[in-house]
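Q: Chains A, B and C, in that order, are what the protein sequence lines are. The opening position of the first sequence corresponds to residue 1 in this note's numbering, with each subsequent residue numbered one higher. The opening position of the second sequence corresponds to residue 441 in this note's numbering, with each subsequent residue numbered one higher. The opening position of the third sequence corresponds to residue 644 in this note's numbering, with each subsequent residue numbered one higher.
Calculated directly from the structure, the hints in this document are not laboratory data. Misleading hints may appear alongside valid ones.
Calculated lysine-lysine pairs in the DSSO-like style (CA-CA distance at most 30 Å, straight line) [as the list claims (entries may be wrong)]: (1) A/417 x C/781; (2) B/546 x C/786; (3) A/190 x B/611; (4) B/462 x A/190; (5) C/786 x A/417; (6) C/1439 x A/394; (7) B/463 x A/148; (8) A/33 x A/48; (9) C/1411 x B/462; (10) B/611 x B/462; (11) B/463 x C/734; (12) A/414 x C/1411; (13) A/305 x A/64; (14) B/582 x A/280.
Note that the structure is a prediction, hence the values are computed from the model and not measured.
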Amino acid sequence: MTFPLITTSRWEIEDAHTIDRYVETEGYKALTKALTLTPEEVHDEVKKASLLGRGGAGFPAGVKWGFLPENVWPRYLVVNGDESEPGTYKDRILLERDPHQLIEGCLITCYALGLSQCFLYVRGEMAHGQERVASALNEAYEAGYVGKNILGTEFSVDIVLHWGAGAYIVGEETALIESLEGNRGMPRLKPPFFPASIGLYGKPTIVNNVETLSNVPWIVLHGGEEFSKIGSEQSTGTRIFAVSGHVNNPGVFEVEFGTTTFRDLIMGENYGQGILNGNKIKAFIPGGASAPWFFEEHLDVPLEKSTVDQAGSMLGSGAIVVMDETTDIVRACHNVVRFFSRESCGKCAPCREGTSWLEKILQRIIDGNGRDDDLDLLLDVCDNISPGITWPPKQTTICPLGPSAVSPISSAIKKYKHEFEAYISQSSQGTPVGIQGGIL
Amino acid sequence: MSRLNEESIRIANEIISRYPIKKSALIPLLHLAQEQEGWVSGEAMNHIAEILQITPAEVLGTCSFYEMFKRSPVGEYQLNICHGISCHLLGAENLLHHAEETLGIKEGEVTEDGKFSLEGVECIAACTEAPCLQVNYRYQNKVTKSHFNQLVQEINDGNRSEIPKHGSLAKVRQSIPAERLAGIEPVDGAQPPEWLNRNGRDS
Amino acid sequence: MSEILGSEDLINFTLNGEEVSATNGENLIEACEKAGVEIPRFCYHKRMNSVGMCRMCIVEIDTGRGPALQPSCMLSVSEGMSVNTESETTKKAQDGVLEFLLLNHPLDCPVCDKGGECPLQDQTIAFGPGETRFIEEKRHFEKPIPINENVFLDRERCILCDRCTRFADEVVGDPLIHFIDRGNATQVNTFPEDPFASYFSGNVVQICPVGALTAKPYRFKARPWDLEEIESTFPNPLGDRITIQSSRDQVLRFQGLDNDSVNWGWLTDKDRFSFQAFQSEYRVQEPLVRGGGLNKPDKNGRRLVASSWSNVLNMTTEAINRTEPNRIAIIGGSRLTNESQYAWTKLAKGIIGTDNVDGSLGDELPTRALLGLPTTTIDDVCTPGNTVILITPDLKEEYGTLYIRLRHAAIENSVKLIELSPIETGLSRTAAISLRPRPGEIAKVVESILTGEGPVEIGGIPKEQILQAHELIKGNELKIVYGKQSIAESDQPLIEALALLKKTSNSKFLPLVRRGNAMGAVHMGMAPGLLPGQIPLSEGLKTFLNLWPNLPNEKGMGTEEILQSAANGMIDVLFLLGADPLSDFYDPELVEKALNTVNTVISVDLFVNASAYHADIFFPASAFIEVNGSHTNIEGRVTPIRQKVTSPGTARPDWMIAAEIANRLGYDLNIERPEDAWDELGQTSTTQTKVDMDLICDSPDGQILESTGAITLEEIKEVSDTRPFDSYSLRLVLAKRMYDLGTITQMSPALKEFARTSQLFINPTDFKSMGLKSGEPVLVTAGEKNLTVLVVPNNKVPRSIAFGYLNQMGEDLRTLLVKGADSIDIRIDPTVKVG
Ligand SMILES: Cc1cc2nc3c(=O)[nH]c(=O)nc-3n(C[C@H](O)[C@H](O)[C@H](O)COP(=O)(O)O)c2cc1C
Ligand code: SF4
Ligand code: FES
């Protein structure tokens, strides 16, 4: 490997989650350094690093930080640790194995931006992650890294660990804020509710992903410049990918942005080590369940934001799910659609009604009750949720969850239409349930 | 009995004190109620409404949005079998069927002795370990049928004491020593933080 | 709002290819509507924050970065914006949304109350797909479930627009209905066994865009296409604008009428469902007389029996002619239209020649406190950034839509509310600061808030709170909303407080009256010493004399004095003009005595109420739904009242009864139509010449009767001393609750169960320290008076206060009132066992 491990450097160390080991391995050095700089200088380093958000949308963190309006106080930091997108598995390990690194990242961010309180929102189902973060916070408070007068300076900030309770949509940043306010996690419309201007309690709020913030200590310690040398010009640094599904060596890997390709990750000796049972690859999801699927012809696309975007999908949350030739595409498609249907918050009519309709049609097809016009129907419903079925998606909804359900359908029908048709041709074509229609 | 007990109220007050606005503590308090009882009863919701000075309907509105909150009793051990895409590809449905057969209940049900309840759940962020499941939110990775049988056996035999009863999530709580607390700013009328205008560390 | 816009506030945008202008920052859906393009919508409601959740209003919008679909209800219009509501993309998206909304909707329009006035049905017929492509089973819920006594919810019809739930939370602060569950399983519901007990629940029925919410008093009563409607005013102190909807001469529904100046379309349930009362079978349809003629040693023994109009008119004129004008008196009139008030004032003062006329029942603020201060409007009070002092009873209980307006102003427009209330009210949590002055000491409290000076504790309020309030008001122009907070204290402290506030620069005042048209009553001269048009009797003698021949030159008596004189045998004819002093006056004993002593008690009313039960003659009057005329609200705003149905039996409008009596007395009242009252007023008054019926009816906001300055509140040198407070006592506060035993409430089946048992509420700490036990009635004494009543702990009551609602079931709390006291202290003795 020709690049330094930035976020996963301590994963091999058994007790890296303890403050002692963390400090021994250069921990909290970046914070100490940051406190010798002015807040603007720290912000500048992150800008120079061109650190892209790791939560899904890939928006540069330094730029987002710059959106905070002047002179509105207080301002908050909210850490998005809700990791729930199918295939995504990285934030949980960061929380469990290196919680102090995240805490340090949060502290530096608060310092740089004048944020007066930080809420660390951890997905409810991650009991062990919560334990690790709670212990780490307790240690860090005790040791004077968090809380009042940090390291003897006038810099003071509280970090509050907050638990989620099971709702994927809460990963969406405005829903996360609603949830943190004690409400149902229903997204707010942007504009006007861009968190950086109107966020938690209506105040300016920075929402960043766990992995994003875990990069910050390294950036401050080694300089933004140094960071930007890693990876490609437009996608700097490294990125954690989870490779799962039909591969021989599923795992979570930190790789250099831009230089590695999907083929390297899926087939490479150090990574996925090829398809299970020597089978052929049928399709793969390149960036979490919301992303349109890739196929064999995309294997050589480099892991770089802009290239992947151009190829018609996204790196999203760094989740690569591999499907081999034995995969029943219709069922796989149904599986992902069912996820979005179950996780719709219910706010927008097209998502609430549309995703569950899509799920029902697919279920019907699988159950042998498909109809000849079902594929047209599926695509037309998709079109009504995401007009044009384009990438990046247009949407008739507030947030991208609804349109996300379109990706698997359009991908699967594009390439494996015959599998759908096969189901339908064997079906009885009958009406499965009484027509409910009704008259006006 | 279903209202929060004294110890829970003490913890609740500590939690509430960390937020500029009380209602933010709603989800943590619901967890607290579930921890006490194994599920969230109507009485508990009423009590939380009282504590946070909101209406019970608001508590229910939030509570019912989140899957983890159970509004009727579940098993002491809640088995969540992941059927997200990665686990689906590696046999999650088979595992779920096996679990249903072994426990003699359907997905969404509780065993007669109240020991186990079973659910198929969406991705639990352990995709590289598929197929996987959680028992009371503790992970079991790469679960085979025999592994599953063994797990059930061990729980029945009382040999999995590291797994707390349903409702208890993290065994460690955050606690902030009073003298270390930076202090919670009011949402309205706060001043810019002092450190913002400093030019590096002067001491 | 009729602000004049500077040109910089106007922008141009393109709407379907045409250049149109709009106010900068205006909501796009509104701007399009003004330009004549109606964008379909379900969740958007102009009186609530947009949520953009139904997605029906998405249209293609281009702000320079290419056209994109955006919800027009969530966007502000801006210069150069290009909006296309007709493009293929827009149409396809909207059709798609409509199809989604209909997927799970039962389409049971033929049996739905909303059928015929349902936006979802209209949209579907206009644009919707012919047949459904959804062949799976629809979502099922138990069919309509009651969410409170009057409102039903059919969750299958619900399209989850968040209107009702937003209303409950945002508009009235009663979040008792809520979204429950998630995604496709989302439903609106209450917490189990915790009904939607809101005073405003009927509004959600009105704003539900489909037939999911229905009101019991209206369910299955009519189809919208059978309804006729007319715009009118509900005669409550706020003059809430309504539409009266009827079918076959039966009123079936009152709906709030959306208007900018007053109620924004909202109504309290009390007013909304009161239409039932006006059509109650207990309405009196024929004139009544005491059986057996006028001489009556024992009137309670005989019953009122039906009579004829000529008979009762004759009996009335005989009774009047038999005695002297100053032995004749009129109590009441605050519930009549302005025109009827004018007619009755003229009958009394101009023709009979008595000035013993009082629209108030002894519990309204004195006329000089209602007309003698620089006035303001609700809109003006609610202007963003204002500082408002509230010295009022609980607005949520008594002035529902004003509560809504002020709540909105505070939450959405950062209006600072400084509340001075003896108990916690519906607005306390919304107020910038809410202080608890002890009854009788409001003047001291106001003085110290204005100066920021004073001792450690003032009127029960610690100094630091006084200082906080002082900081909040310092240097600001103040808007003061004031009214009678309790009938257990005299007006003097409030009058002094107002006098102090009047001295601050540019303060403006909004008075609260207790009865529907009490403001009209003072404007129409229904008070001793007063003539219509804010003219004191002494000054009006000359100008009025040629029209009002028998005008007395001495000031007459107010209600209390009238009753006193009556009890002493000095009144021979007593008119009760839509008044029930036995239930309403603070001293029922005195009323009883008066009614039993007066020779001829004449009641003009809709019902035989407790006082009318003692009447000798009863004139059946028309209700406001049966007459034309106008109403004056607390701002002095005059808006039209319009006839929708005919009166039952031979009941007549009040003004007509006055005219007939005048006629029998040998005079022409010169009022043949309600309009005539305004015309005559124009001749006598110098200030109100501008107002007439056409103006009132033609302007959407009515006409405002400004204060003329002819009547003024006296200045004060210093605040009077208050009675020391002894720490063993509790100071009494008695106020109104929205629901009581009042006639209209009791005659409305939808409302009559809502009165409660009389109780006294005290602070839980006091409750504990007195060693009281829950559920046991105890002996309460006030000087010589005593009462056995349930005492209940309640957090909303501060220490040392006892609070109770008037006119509830069981014990009559008026028993504790001590005449003439500036405030009343009571004692509770738990050691005295009551058997
Ligand atoms: C439906 C949906 C789910 C999301 N879930 C997550 C999540 O679980 N974790 C996360 O960090 N970001 C998630 N995001 C992205 C967040 O909205 C947000 O962009 C991110 O937290 C910003 O952090 P970053 O800039 O550091 O990436 C989700 C977005 C959407 C639309
Ligand atoms: S798109 Fe779906 S998840 Fe997103 S806000 Fe709308 S309903 Fe909720
Ligand atoms: S009216 Fe705009 S989204 Fe519903």
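Q: What hints, given by number in increasing order, does this structure fail?
A: Going through the list in order, the structure violates hints 3, 5, 6, 11 and 12 and respects the others.
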